[in-house]
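Protein chains: 2
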Amino acid sequence: MSSALAPEALTTGPGPSAGRRPEKTEAILDAAGHLFREHGYGAVSMDQIAREAGVSKATVYAHFESKDRLFAAMIHGACRAYAEGLMPAATEMEDVRAALTRICREIERFLLAPKTLGIYRVIMAEGPRFPELVQSFIEAGPLPFRKMLAEFFEAANRRGALKVPNPQLAAHQLVWLVRGPLYLERMLNLKQPLWDEQSVDEVVAGAVDMFMKGYAPDARD
Amino acid sequence: MSSALAPEALTTGPGPSAGRRPEKTEAILDAAGHLFREHGYGAVSMDQIAREAGVSKATVYAHFESKDRLFAAMIHGACRAYAEGLMPAATEMEDVRAALTRICREIERFLLAPKTLGIYRVIMAEGPRFPELVQSFIEAGPLPFRKMLAEFFEAANRRGALKVPNPQLAAHQLVWLVRGPLYLERMLNLKQPLWDEQSVDEVVAGAVDMFMKGYAPDARD
DNA sequence: GTCTATATAGAGATAGAC
DNA sequence: GTCTATCTCTATATAGAC
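Chains as they are written, first to last, in UniProt numbering: chain A, 1 to 221; chain B, 1 to 221.
The set of hints was computed from the structure by calculation and includes no laboratory data. Values in this document were obtained by computation on a predicted structure and should not be read as measured data. Among the hints, a few may not be true.
Just so you know, same-sequence chains aren't split out, so a pair can sit in one copy or run between any two.
List of simulated lysine-lysine pairs, BS3-like, C-alpha gap at most 27 Å [stated by the list, open to error]: (1) K147 <-> K57; (2) K115 <-> K57; (3) K213 <-> K57; (4) K213 <-> K24; (5) K213 <-> K191; (6) K191 <-> K57; (7) K67 <-> K24.
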């Protein structure tokens, strides 16, 4: 299932890195990641990648069997970044509102960062051509984070700090209350942003407010 | 600004449709729309478009100056569909919860439909290459709808039916409370959907519930 | 493994007949 | 305007020297 993203299957050659210089692998991956995220898969040529990486095109093909495989490797790296960038978000022993605020800030910081948006842009654009890659990405990134949020809500339920009937739905709601209002303008690089700099705080605060009003234990329902 | 989407600027030739047969224009636009939405801009060739439209490639170029212009014309059509598909959503003289439920159903029906998702997919993918087109699309579709929602909330505020301090933010929140939970799985065509068929109703109901708890006039704060 | 130079295929766009 | 046949450029991928 996630074999398409297994690291050892992504580079070329017989043995494990038979003489390839890791620094060049890294440089190629960096260049590919930057260019793919910025301009999309189809619009980027292997020549550009080689040039930006400071190597020849033949070297690129010595490290990665094809453009497809290089793309897969780049997405694989993004999954690791996802896990590292967003996972340590929740701790239980804390005021709920403070914890939610911190989580929402993390969501804003990571999910709306240019790098993450670039990954999503290219995944959504090329998804139909790489279905197994999409599945791997979802299972490595967004789903574990939703699951962790749901578990956080369940723990808060047990403590009586929240009253969340459907933790999975609530996880999606919290994520999108923060992400949604800023999503289009960041994803599309709008010249006239819908929100100014300080409005980001309003979006975060609005998300926490609405979530608390919806799921605070003393709310009528 | 929106000149890139002006209908008269999108087809080829000197006079207004100097001898071109509208049915073929329509067929080409339909084929282009379908293919672009399904596979993206770069992955679709003018040959494929011509074949699917049942005309020759030269005919395509007789109707549309270039692939770029054909793409722009297709986005233009999508803007009209956006306005027609989502605009008559709100009426004032109605129970607020019922109106919100109806609006949310419309959001689910239109914004999460395969056709709309395809447009968003290709707009986000090719946005960097067509910045003025992105601007036109946003101004013709999402922004007016947000504005209409905000005005609906303001009217409800005046009637005392709601208490919405920031109508613009609330508009985004409502849209994404419905759209968000279903967005990734539909946008990426996940094989194992996160929600089953009946859960869509739960998402809609959950959005209305949360919105009402957040902005009902008798809410504490 | 890494480079320069090249093979080959495919796509956007056009020429010329009707 | 519409078709068939073609031009031309670019991109993926490879051959061969070091």
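Results for each hint:
no., hint, result
1, K147 <-> K57, "neither (41 Å within a copy, 50 Å between copies)"
2, K115 <-> K57, "within (25 Å within a copy, 39 Å between copies)"
3, K213 <-> K57, "neither (57 Å within a copy, 58 Å between copies)"
4, K213 <-> K24, "neither (52 Å within a copy, 55 Å between copies)"
5, K213 <-> K191, "neither (34 Å within a copy, 34 Å between copies)"
6, K191 <-> K57, "neither (35 Å within a copy, 36 Å between copies)"
7, K67 <-> K24, "within (16 Å within a copy, 37 Å between copies)"
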